[in-house]
Every structure is written in C-alpha cells, then in structure tokens.
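Engineer: Chains Z and S supply the protein sequences, listed in that same order. Here this note's numbering = 1-based position in the first sequence + 3. Here this note's numbering = 1-based position in the second sequence + 3.
Bear in mind the hints are in silico, worked out from the structure with no lab data behind them. Some hints could be false.
Chain copies aren't distinguished; within one or between two, either way the pair holds.
Stated by the list, open to error - For lysine to aspartate or glutamate, the following DMTMM-like pairs were computed, each having C-alpha atoms within a straight-line distance of at most 20 Å: (1) Lys131 <-> Glu149; (2) Lys108 <-> Glu149; (3) Lys21 <-> Glu149; (4) Lys21 <-> Glu31; (5) Lys111 <-> Asp42; (6) Lys133 <-> Asp12; (7) Lys60 <-> Glu140; (8) Lys111 <-> Glu31; (9) Lys111 <-> Glu7; (10) Lys98 <-> Asp12; (11) Lys28 <-> Glu140.
The chain contents come next:
Protein chains: 2
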Amino acid sequence: MIREAKPKDVSAIFDLIKGLAEYEKEPEAVINTVENLYDDLFVTNHCEAFVAEAEGKVIGFSLFFTAYSTWKGPIIYLEDLFVLPEYRSTGAGSKLFDAVVQVAKDRKVARMDWQVLEWNTSAIEFYKRKGATIDPEWLNGRFFFEEH
Amino acid sequence: MIREAKPKDVSAIFDLIKGLAEYEKEPEAVINTVENLYDDLFVTNHCEAFVAEAEGKVIGFSLFFTAYSTWKGPIIYLEDLFVLPEYRSTGAGSKLFDAVVQVAKDRKVARMDWQVLEWNTSAIEFYKRKGATIDPEWLNGRFFFEEH
Numbered sequence: 004m005i006r007e008a009k010p011k012d013v014s015a016i017f018d019l020i021k022g023l024a025e026y027e028k029e030p031e032a033v034i035n036t037v038e039n040l041y042d043d044l045f046v047t048n049h050c051e052a053f054v055a056e057a058e059g060k061v062i063g064f065s066l067f068f069t070a071y072s073t074w075k076g077p078i079i080y081l082e083d084l085f086v087l088p089e090y091r092s093t094g095a096g097s098k099l100f101d102a103v104v105q106v107a108k109d110r111k112v113a114r115m116d117w118q119v120l121e122w123n124t125s126a127i128e129f130y131k132r133k134g135a136t137i138d139p140e141w142l143n144g145r146f147f148f149e150e151h
Numbered sequence: 004m005i006r007e008a009k010p011k012d013v014s015a016i017f018d019l020i021k022g023l024a025e026y027e028k029e030p031e032a033v034i035n036t037v038e039n040l041y042d043d044l045f046v047t048n049h050c051e052a053f054v055a056e057a058e059g060k061v062i063g064f065s066l067f068f069t070a071y072s073t074w075k076g077p078i079i080y081l082e083d084l085f086v087l088p089e090y091r092s093t094g095a096g097s098k099l100f101d102a103v104v105q106v107a108k109d110r111k112v113a114r115m116d117w118q119v120l121e122w123n124t125s126a127i128e129f130y131k132r133k134g135a136t137i138d139p140e141w142l143n144g145r146f147f148f149e150e151h
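Next up, chain Z with everything else stripped away, as it sits in the complex (with noise of 0.2 Å):
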C-alpha cells in the first residue's frame, strides 16, 4: 500500500535512508538525522514524501521536492526512491514512483527530474518504460562544505 508519509513513518524513512548509506558503505556521508528529517518533512516542508507499507511495516519510500527551472518554472525533483531488496519486483518502486509523477501532474508542473547511476540499466530500463527520457548529457557539479 503506498499512502503520503506521516509524522510516525519518519524514523522508518531515516532507517532505510542509513541503512542504504551503510550498504554503500558510506554512512559517515549522512550528516542528516532523524530530527532534522522530521522539521524537512513536517515542520518547514523542504520535502515530502511517500512510503510503501507491507506486512504493517515500512518497505519503502519515494521523497520528492519542488524545484525549480528558468525555462518551466517550478518543477517537481523526485530525490530518492528506495525499497527494501527483499519487495522488490512487487509493483512498490513502481507505485511510489507513480505517486511523484500524480503529484507533478496535480500541481500542473511542466516537468519532473531525477537522477539515476548509469550503471544502473535495471533502473534505467524501469524509467524508459515509463516513458521517461534518460539524457547522459550533463554532468554534476558539487562542492562540498561538511565542514557545517
């Protein structure tokens, strides 16, 4: 079952967010807490957020916000989508993904973006099928202040 996230889900949320970042073997890169996922989510709604439920758990999330394009105006930025690998090949990504792209065409935005490694083609394929166009021609930049 896919449903909006609510306060009580947001531990859960955080859990599959670090648990992800440990598997990657990068937890030290998660400088974001369950407090401050909290405020993101519900207090200065930097982000929002839906989650699969299975089983009466949390199985997964999809966790979006509104960006913003010179050439469309506000658009909607789909940040993360993750589930658990044990449901996957249930429909969950697939629903928690169709839950962003019913929020970007509520909204009337003119386009939805998100980001997807390319080595990973299961996932890339996943999008094509949906429709979407995958574009491998920009590159990002970032800098980084960990300092704060």
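Using the hints provided, position chain S relative to the given structure of chain Z.
Structural biologist: Then chain S, alone, in the frame of chain Z:
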C-alpha cells in the same frame, strides 16, 4: 558589479533567459513568463538570483534555489549562470558563481549542486579551478508534462 536581484531586474533577467533559448534554437521550450518569474523570485520565493551589472545594464545573472538531499538535508542548487558573450572573461561569471557559493556557506548547507554540459570544456575547467567535483556517473531522468 554583483548584487542581489531586485524586482526592477526581472525583465532584464527574463530577456537573458529568453535570448539564450533563442540562441539555442529552443525558444518554444521557454514556457516561463516574466510575470511568473517575478512571482517566483519575489512572492513565492521559489528561487533567488544575483545579477551582474556593467555600464548601467544587467549583463548576467545566477539563479538558485534550496534543494534537498536525503543524506545532507537542505542544499543550494545553482540552476542557471549566464553572462552575455561580450562580457565573458571579465570575471563576472566567476563573481556570480562565488556569490551563490557564499550563500551556501552563510546558510551552512552541506553541499551546493549544479550541472554542466559534458561538451562545455571551458565551463568544466572553470568549475574545477574553483575546486568543484565534476561527476559523470549520474544520468538525468525527466518527464515532460508540456500540456500544462
């Protein structure tokens, strides 16, 4: 001279956005309007901007917004940086970029993101000289809802 954009700058910024789209032969891709850009910058605050002035006119701008990272929390996203061709190599672009970096530092965010086209070697070198990481590992996924 670099300064925060003011309401009186909106039509000059929009002309630069539109001019670039015409140069790129994609004028119809700009569905944003000068009225919407005004609201986004000064009413809803979906985005913020700096302008570069020379000889009494706006000759460049940088436009940014607050994005979100599940790992880092709120981050600064530089959406657009543009300087009129005849004012390049004057340091205006560098100062417009540095102004946004300073915002990121002042707000104590952990990261500042942007994108650069893979063939734009002069921009890539510019960013690398600034100390940025340029990462080709992620591909952009996009849905367009142009009917809205």
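Engineer: Does each hint fit the structure? Answer for all of them.
Structural biologist: Against the structure, the hints:
1. In this homomeric assembly, Lys131 and Glu149 come within 20 Å of each other (Cα to Cα) only across copies, at 18 Å, whereas the closest approach inside a single copy is 35 Å.
2. In this homomeric assembly, Lys108 and Glu149 come within 20 Å of each other (Cα to Cα) only across copies, at 10 Å, whereas the closest approach inside a single copy is 36 Å.
3. In this assembly of identical chains, the alpha carbons of Lys21 and Glu149 lie at most 20 Å apart only when taken from the same copy (18 Å versus 36 Å across copies).
4. Within a single copy, Lys21 and Glu31 get their C-alpha atoms as close as 10 Å, which meets the 20 Å cut-off; across copies the closest is 43 Å, which misses it.
5. Proximity of Lys111 and Asp42 under a CA criterion of 20 Å is satisfied inter-copy only: 16 Å between copies versus 26 Å inside one chain copy.
6. In the homo-oligomer, the alpha carbons of Lys133 and Asp12 never lie at most 20 Å apart, since the shortest distance is 28 Å inside one protomer and 40 Å across protomers.
7. For the homomeric pair Lys60 and Glu140, neither the shortest alpha-carbon distance inside one copy (39 Å) nor that between copies (33 Å) is at most 20 Å.
8. In the homo-oligomer, the alpha carbons of Lys111 and Glu31 lie at most 20 Å apart only across protomers (18 Å), although the nearest pairing inside one protomer, at 38 Å, exceeds that limit.
9. When the C-alpha separation of Lys111 and Glu7 is checked against a cutoff of 20 Å, the pair qualifies only within one copy, where the shortest distance is 19 Å, while the shortest distance between copies is 29 Å.
10. Taking the closest pair of Cα atoms, Lys98 and Asp12 come within 20 Å of each other only inside a single copy of the chain (18 Å); across copies the shortest separation is 43 Å, beyond that limit.
11. When the C-alpha separation of Lys28 and Glu140 is checked against a cutoff of 20 Å, the pair qualifies only between copies, where the shortest distance is 17 Å, while the shortest distance within a copy is 28 Å.
Violated hints, in rising order: 6 and 7; the structure is consistent with all others.
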